[in-house]
Each structure stands twice: as structure tokens, then as C-alpha cells.
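A.B. asks: Listed here are the chains, written in short residue letters.
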Amino acid sequence: MSGNPAGHYSAQTSGDNAPAIGFVGKLFLSVFVGDVVEFADRAKHWGGWNWPPFLLVVLLGSYALISAPDGPPHQFVYVYLAIAGSLVLALARLAHPKSDRLARHWRVLITAAAVMLAVAGTVGMDYLSDHGEIDVSGRTRLTPRGEVTKGSELSLVVTGPTDRAHLRLTLTISDAKGIEGFCKPESHYAAQIRDRASTRVEKVHSGRTVDFPLGGLQGQIEVQITLWTEEGCQMNVSVAEAVLHD
Amino acid sequence: MPATPPKPRSSVRLPGRIGGSAAVLALLLSLASCSSEEPEPEFLGTPRITVATHNDLPGMSYSENYDRSGLDFLVFQHVKEELDPVPFTEPVDVASGGRVTQLREEKADMVIASFSITAERMKLIDFVGPYVKTRQGFLVGPDSADVQRLSDLSGTRICTWEGTTSKEALDDIKNTVHAEPVVLTDASDCMKQLLDHEVQAVSTDQTILYGFAQQYEDDGLRVVPDVTVGVPQDYGIGLPKGHRKDCRKLKDWLKEYVGTSTWTRDVETSLPALTAADTAWISKHKPSDPEIEARSCRDSISP
Chain D
1 MSGNPAGHYS AQTSGDNAPA IGFVGKLFLS VFVGDVVEFA DRAKHWGGWN
51 WPPFLLVVLL GSYALISAPD GPPHQFVYVY LAIAGSLVLA LARLAHPKSD
101 RLARHWRVLI TAAAVMLAVA GTVGMDYLSD HGEIDVSGRT RLTPRGEVTK
151 GSELSLVVTG PTDRAHLRLT LTISDAKGIE GFCKPESHYA AQIRDRASTR
201 VEKVHSGRTV DFPLGGLQGQ IEVQITLWTE EGCQMNVSVA EAVLHD
Chain W
1001 MPATPPKPRS SVRLPGRIGG SAAVLALLLS LASCSSEEPE PEFLGTPRIT
1051 VATHNDLPGM SYSENYDRSG LDFLVFQHVK EELDPVPFTE PVDVASGGRV
1101 TQLREEKADM VIASFSITAE RMKLIDFVGP YVKTRQGFLV GPDSADVQRL
1151 SDLSGTRICT WEGTTSKEAL DDIKNTVHAE PVVLTDASDC MKQLLDHEVQ
1201 AVSTDQTILY GFAQQYEDDG LRVVPDVTVG VPQDYGIGLP KGHRKDCRKL
1251 KDWLKEYVGT STWTRDVETS LPALTAADTA WISKHKPSDP EIEARSCRDS
1301 ISP
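Chain order of the listed sequences is D and W.
Reading the first sequence from the start, the letters are residues 1 to 246 in the working numbering.
Reading the second sequence from the start, the letters are residues 1001 to 1303 in the working numbering.
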């Protein structure tokens, strides 16, 4: 048998310029739909059992992504890795349904791993919704504003619900006037949750992080801060980070 | 033309050959001796260090008839001993306003001149310090015997000079104390005005004021005790940027120096009026190791 029979993908033309139109048509199909057609051809051979795990992985992954809470990005790394891994494995399994290079038990194992990773990602995201870190830096209010001096007492209020058991706090102390000299290296503060002396921390320098147990505190959190700096120094205090966590 | 017979090797040439070999040997030996010589000692990338210092601050950096004295001068002497055998030139004089410029324009390699470490200056030059801490105070004349508190200076004219950090603190108290700051060219101008009763007080670092009080003891000048304004001042040794290894070497030496009795003796010798006025002067003026670490060889404030 010689030549290629015209299949239902071949272009049919007639007339004076028929050969040219036929060539362009084939080129068009090759460029724009050729690969899709080839892919669909292979899909005919895909095993029916590969689809349910793939769809399950997509479903679980989508749910996890939709239900993602707010919070510092670093805590989501493992969850996103699990979801991405499950999708890659599920797609690989779908694209090579009967690969000769893979033994049957390996194919089953890949499918199982894809589903397990998707489940882990979904459970992980669910856990983060309940126990993950919540960045509350934007919900803080520090008073008095402006320059503070030795012995100044400040109040930091975190508004909104106290959904976690701890508050992690980082304050920045900086010199209000840098021209004359500076006091930042020696400046530090003491802090505690209002009316809870057991939470008191002493000699915390700028940029250091402290952790306050909230012990079932409901509503807003108030942290009392006392600044220590050299006599004559005028300082600015600001919140670098405030995070609620379990 | 008959062929010229080859000249017999003459024994006359032998001394010449020996001489040539000897010359080559001598050259090789001299090269070898050159390569084994110690390299010239260098510090801050220069074989000879020029230190800039003041000459008009008694007790700190003072020069009279080519005879220098003061705490800055003693620190300079110790630095010189520490860096031996690196040679130093005779110290050159610098005005307060020219200290950063002298380093940046390479007119001096080191500045030891009651030089306050500030965040702005740290961006331009490196510091090793502090070697002494102080605060901005007030020097008054005999007609201001009643001045005990800052508020007692209300309505007065207070002098300071250009190129120092003292002006900013005086501007800050202008509205609260209602005193008029007068900024002149240098320290001697302010002292003249104080002695001439044209200003009622001179305000700058207490270390400098105690030096003047000592020098003008007969004129009845005194430092107002326990009255200070502005942030603490930390005196450091100024170095040009780009020599961090040498800077750290000097920092390590400084930490050792301020921990010895030599430092205490140097302050007592240079500023007897300061040490006599306050028995707790060491706790106020002696820097700690963390303070030196936080300010030395950096581009910005630590942490």
C-alpha cells in the first residue's frame, strides 16, 4: 500500500489552487490542533482506572487551596509541596498508563502515593486553618505614638479574636534623632500581658522576638511595655511582627 | 686567503670568566636576599600613618609650644606603641568640622580628636570606639553661680561651635529652656565670649568642658554638675573605610586597653577636674565591650 489514505483529519480541496490550500490547511491543523489530536489519540488508550484517582487528587487539591487561611507564607510550604507532588504523580500516571518501563506494582504505588499526598495536603491545610500562625501585625495599636524616652510606658493592643494560645512579638527600637549620636544598641524593654506578671520578660533588645502565653485570654490582647534607654535619648518603638500561634 | 687558525683557548680569559660567574652569583644572591627580606610594615594601606588631632581642647587634645597633651594624645601614643614598628608622622591639626573630610580626602589616615560616633558619620568613615563616653553639659562663669538646674539657664545665650554634635541638642532645648544658641567657629571663640561675658554659658561634651574649667580655674569657670542635654557621646578613633582587618585589630586592642588601669590613669591624668567632681566617674565614662562591639568597624548601628 502506498501513500497515506485521507483520514478524517486530512484537508480536502479542489480547484486551481487546491494543492496550496490543502498544504496550508494541513499546516494549520499541525500547528494548532495536531498535538491535541495526537494527545486525544493516546487518551483512547488510557486506562479507565487512572481517571478516578486523578480527579480525586484535583478535587482534594482544589479544596485545600480554596480553604487556605491567611498567615505567614512559610507555614504553607509543606502543604503546597504535598499538593504539587500529588498532582505531578497523578498526571504522570495518567500520561503513561501502560508504560513498559514500569512494573504493575510501581504503577499502583504511584497512584496510591498521589492520593495520599493529596489527602495529606488537605489535612495539613485543615490543621493550619485551626492551629496555624495568624499574622496580626496589622491589628496592633501601639500608644503613645512618637518619641519616647527612658522609663516611658507603652501599651500594645492586638484587636480582634484571640484564636491562638500564644502571641509572638517583635518590636523595633530606633533612634528618633540620628545626627547627635545613638542609643539603640543599649536600649531595651520589659513587657508583660496586662495583669499577668507571670508573662513578664526583661531586657529585650530591638529586633528580638518574645513569646507570650495567652492562657485562654479572650478578645483583645494588651501588652504593657516599659522602655529603658540612656538618659537624654529619644527613641521610636514600632511593631516589626505580631503573630498568634498555638 | 688562508684560513685563520682557531685561536688557542687562552688562559688569559679565565679570570674574566670567573669574574662573570661571580657577578651572576652575586646578582642571584642579592636577589635571594631581597626576596627573603621582611616586607615594609603597613597599616591602613600606607607605610607611614598620619594622625589628625585637635590642638585647642585642654584635657583632650591640646598643643602648647609643640608640646601635646590630653586624653586623645595619650590614646594616640598607645596606638603608636601597639602598631610598632609602623612609623607615624607628627600629628597634624584638624578643626572639628574637617575631621570627616580629612579622612575621606586622605589628608589623614586616622583621626583621634574627641570625635563623636554618630550613625551619619558611620556611613562615611569607620570608627574604633568608644574609648571614652561623655554627655553634653554646660560651662558657666563666676557671675552664674546660681545656675544649678537647666531651667536656671532660661533667657541666657549659650555658645557652641561648628562641626560638633552639640548644636542639635541646644536647638532641642531652645523652646523648653528659652535659651539662645550661639554657634561660633571654634572652641576658643566660645571661651573668649564666655570670659568677655558676651555669652552666659558654653555647651559641649563634659570631657571638653572639664578641660576648660581646669585651664581657666583662676577665672572661676565651672561645669554645672549633673545638668546634661542630648544623647550620650561616644568618642571613637576615625579611620577611612576599606580597612576592616586593621580596624578590627585596633578594636581588639581598644577593648583590652579600656579594661586596664592604664585607661583609668590616663583619664585621671588628663581630666583631673572631671574625676574629682564625680566619684562615680568610671561608671559614666568607661565604655563596655558590647558598646565597643556595637560601634566599631561598622557601616550602620548594630543590631
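Rather than coming from a laboratory, the hints here were simulated on the basis of the structure.
By construction, the Cβ of each residue, glycine as well, lies at the ideal position given by its N, Cα and C atoms.
Any given hint might turn out to be false.
[Said to hold, decoys possible] Straight-line alpha carbon distances no greater than 27 Å define the calculated BS3-like cross-link-like pairs of lysine-lysine that follow:
#: 1; chain 1: W; residue 1: K1286; chain 2: W; residue 2: K1123
#: 2; chain 1: D; residue 1: K150; chain 2: W; residue 2: K1080
#: 3; chain 1: D; residue 1: K203; chain 2: W; residue 2: K1286
#: 4; chain 1: D; residue 1: K150; chain 2: W; residue 2: K1174
#: 5; chain 1: W; residue 1: K1245; chain 2: W; residue 2: K1080
#: 6; chain 1: W; residue 1: K1255; chain 2: W; residue 2: K1241
#: 7; chain 1: W; residue 1: K1167; chain 2: D; residue 2: K150
#: 8; chain 1: W; residue 1: K1245; chain 2: D; residue 2: K203
#: 9; chain 1: D; residue 1: K203; chain 2: W; residue 2: K1133
#: 10; chain 1: W; residue 1: K1174; chain 2: W; residue 2: K1286
#: 11; chain 1: W; residue 1: K1080; chain 2: W; residue 2: K1107
#: 12; chain 1: W; residue 1: K1174; chain 2: W; residue 2: K1133
#: 13; chain 1: D; residue 1: K150; chain 2: W; residue 2: K1249
#: 14; chain 1: W; residue 1: K1249; chain 2: W; residue 2: K1080
#: 15; chain 1: W; residue 1: K1245; chain 2: W; residue 2: K1192
#: 16; chain 1: D; residue 1: K203; chain 2: W; residue 2: K1255
#: 17; chain 1: W; residue 1: K1167; chain 2: W; residue 2: K1249
#: 18; chain 1: W; residue 1: K1245; chain 2: W; residue 2: K1107
#: 19; chain 1: W; residue 1: K1107; chain 2: W; residue 2: K1286
#: 20; chain 1: W; residue 1: K1123; chain 2: W; residue 2: K1133
#: 21; chain 1: D; residue 1: K150; chain 2: W; residue 2: K1245
[Unchecked claim] Here are a few chain D residues that sit away from chain W, every Cβ distance over 10 Å (derived from the structure):
#: 22; residue: L56
#: 23; residue: L81
#: 24; residue: H105
#: 25; residue: R145
#: 26; residue: I179
#: 27; residue: K184
#: 28; residue: P185
#: 29; residue: G232
#: 30; residue: C233
A.B. asks: Each hint: holds or not?
C.D. replies: Now for the hints, and whether the structure bears them out:
1. W:K1286 / W:K1123: Judged against 27 Å, a Cα distance of about 25 Å means the pair holds.
2. D:K150 / W:K1080: Judged against 27 Å, a Cα distance of about 39 Å means the pair is violated.
3. D:K203 / W:K1286: holds (21 Å)
4. D:K150 / W:K1174: holds (21 Å)
5. W:K1245 / W:K1080: holds (17 Å)
6. W:K1255 / W:K1241: The given pair, whose Cα atoms are some 20 Å apart, holds under the 27 Å limit.
7. W:K1167 / D:K150: Status holds; Cα separation ~22 Å.
8. W:K1245 / D:K203: violated (32 Å)
9. D:K203 / W:K1133: Since the Cα atoms of D:K203 and W:K1133 sit roughly 22 Å apart, the hinted pair holds (cutoff 27 Å).
10. W:K1174 / W:K1286: violated (30 Å)
11. W:K1080 / W:K1107: Satisfied, since the Cα-Cα distance of roughly 18 Å is no more than 27 Å.
12. W:K1174 / W:K1133: holds (25 Å)
13. D:K150 / W:K1249: violated (34 Å)
14. W:K1249 / W:K1080: At roughly 13 Å apart (the allowed maximum being 27 Å), W:K1080 and W:K1249 satisfy the hint.
15. W:K1245 / W:K1192: Violated, at roughly 43 Å.
16. D:K203 / W:K1255: holds (24 Å)
17. W:K1167 / W:K1249: Not OK: W:K1167 and W:K1249 at ~33 Å, beyond 27 Å, violated.
18. W:K1245 / W:K1107: holds (21 Å)
19. W:K1107 / W:K1286: Roughly 30 Å between the alpha carbons, so the hint for W:K1107 and W:K1286 is violated.
20. W:K1123 / W:K1133: holds (21 Å)
21. D:K150 / W:K1245: Between D:K150 and W:K1245 the Cα gap is close to 36 Å, so the pair fails against 27 Å, i.e. violated.
22. L56: For D:L56, whose nearest Cβ neighbour in chain W is about 50 Å away, the distance exceeds 10 Å, so it holds.
23. L81: holds (33 Å)
24. H105: holds (56 Å)
25. R145: holds (19 Å)
26. I179: violated (5 Å)
27. K184: At roughly 5 Å from the nearest Cβ of chain W, D:K184 sits no farther out than 10 Å, so the non-interface label is violated.
28. P185: violated (4 Å)
29. G232: Violated: least Cβ distance 5 Å, not greater than 10 Å.
30. C233: Non-interface label on D:C233 violated, nearest chain W Cβ at 5 Å vs cutoff 10 Å.
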